[in-house]
Amino acid sequence: MSAILLHPQDNILVVTAPLATGGLVVIDGEPVALGAAVPVGHKIARQPLAVGDKVVKYGAPIGSMTAPAARGDHVHLHNMKSDYIASHTRDTLERSNHA
Amino acid sequence: MIPAWIRSDGRKGIRNVIAVAYLVECAHHVARRIVDKIDDADVHLIGFPGCYPNSYADKVMKAIATHPNVGGLVIVSLGCESFNREALAATVAASGRPVETLVIQQAGGTAATIAAGLEAVARVKAAADAGSRGTMAVSELVVGTICGGSDGTSGITANPAVGRTFDRLVADGATCIFEETGELVGCEGVMADRAITPELGAELRASVEKAERYYTVLGFGSFAPGNAEGGLTTQEEKSMGAYSKSGSSPISGIVKPGDVPPSPGLYMLDVVPDGEPRFGFPNISDNAEIVELIACGAHLTLFTTGRGSVVGSAISPVIKICANPETARRLAGDMDVDAGRVLEGKATLEQVGEEIYRRTLDVAAGTRTVSEALGHREFILTYKSFDPMGPACQPRRQAA
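So the sequence lines, in the order shown, correspond to chains A and B. Numbering-wise, our numbering comes out as the position in the first sequence, counting from 1, plus 610. Numbering-wise, our numbering comes out as the position in the second sequence, counting from 1, plus 139.
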């Protein structure tokens, strides 16, 4: 298995071995071709997710979708956000200086 | 039974470290030169950089200088800083430990103080090495846990494996401490349900709410760019993974930095300062959290990492547990336990938890951890402020 379901209520899977673009991953028994490579430890959508949907991992909400995702799509900073406090990356200061 | 150093207050240590402490950044170079020239695996540099007084730093420094793993102290003061060197020396002397104080402005400057320091450390070490030895039980161990450089594998492998180890240690009657309320944001409800009293549950909730307010004011969560590169997207996602280090035992109490848990069990260390945010981020790096765990009496610390932290610590050994199998291969020379095997189906969480438990007992018995052998002795102490703990944070007293 290259992606695992941590909790039956989760709507994402966690990738356990590197997945290449176009590679097949089995989600709930069905093969899905990936649109983009996904590294180990990252999340992919178990089902289609709409803007505003809660992302559920470990059976608990870990944030909300800010853009839609199809089944098998990478779920990360580009399409979801925290419901508590914003995450930051190494270019956060540069981006805020240019704002 | 574990071989131990018996201290006069009845506490027992697994190492016999001589600490060389600078009391202001201006004395750092002299203290570092003394430690570097001695080049002894059991002589460690610690210190506080600030010139202004701070009760938190004073309390933590005294707690570390009288930690069971510490056999003696050499103080290096510039002379004009605020840190009360006489009170620190008196506290250490009262604990039955050898202590000497060097004041650079009185000793004749850099070279003279370094020369005097080398002799002082030799005397303190000789006295400490003649200290009392005996044995200690697993139930007398205090074990901390922290995660650093977390990624999307941490919450699946290394953190729940440490949770298994913590459950085993608590069942043995040991004292276990988990921490970083900023990384428990989103878990306050499930955590409060594990408190041994409803009042403690309310305090646990309040401490996480305090952390959320504090980090919101500062503008950044307890979340590093590497966390995102490793697949973690949000603070609450990181929290859910971090929280699993605490295992499933009931939570007996809350401690603040420098408070030693009064009885065995599982404790949450509240690292976020009280009052309005004043001195910046609660802990500016993982190393500051390890120092606080040590100040609460931790004999050793279980450190989980996904991206690959390499740090160790002065005073108390750090056992490194790698969550990510790719990192475990890339940084093999820095890791004690490879929990990434869980992800590859080569081991179960129970097996890795058992391996961490056995490694904990080995390290307590004197085996050097990987970071100890590599000479890692990171230490950082900065400004903070805390209110005293409320009565609900303490375990219920046994009826007489």
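Hints were generated in silico from the structure; no laboratory data involved. Do not take every clue at face value.
Here are a few chain B residues that face chain A, going by a calculated C-beta distance under 8 Å [as the list claims (entries may be wrong)]:
(1) ASP178
(2) ALA180
(3) THR292
(4) VAL324
(5) ASN463
C-beta: ideal position from N, C-alpha, C; glycine also.
Can you verify the interface hint for B/ASN463: is its Cβ closer than 8 Å to any Cβ in chain A?
holds (7 Å)
Per-residue hint verdict: B/ALA180, partner chain A, C-beta under 8 Å
violated (35 Å)
Interface restraint verdict for B/ASP178 against chain A (beta-carbon cut-off 8 Å):
violated (36 Å)
Measuring from the C-beta of B/VAL324 to each C-beta in chain A, is the shortest one below 8 Å?
Cβ of B/VAL324 sits 5 Å from chain A, so the hint holds.
Chain A contact restraint on B/THR292 - CB to CB distance below 8 Å:
Interface hint status for B/THR292: holds (5 Å vs cutoff 8 Å).
Hints 1 and 2, counting from the list given before, are not met by this structure.
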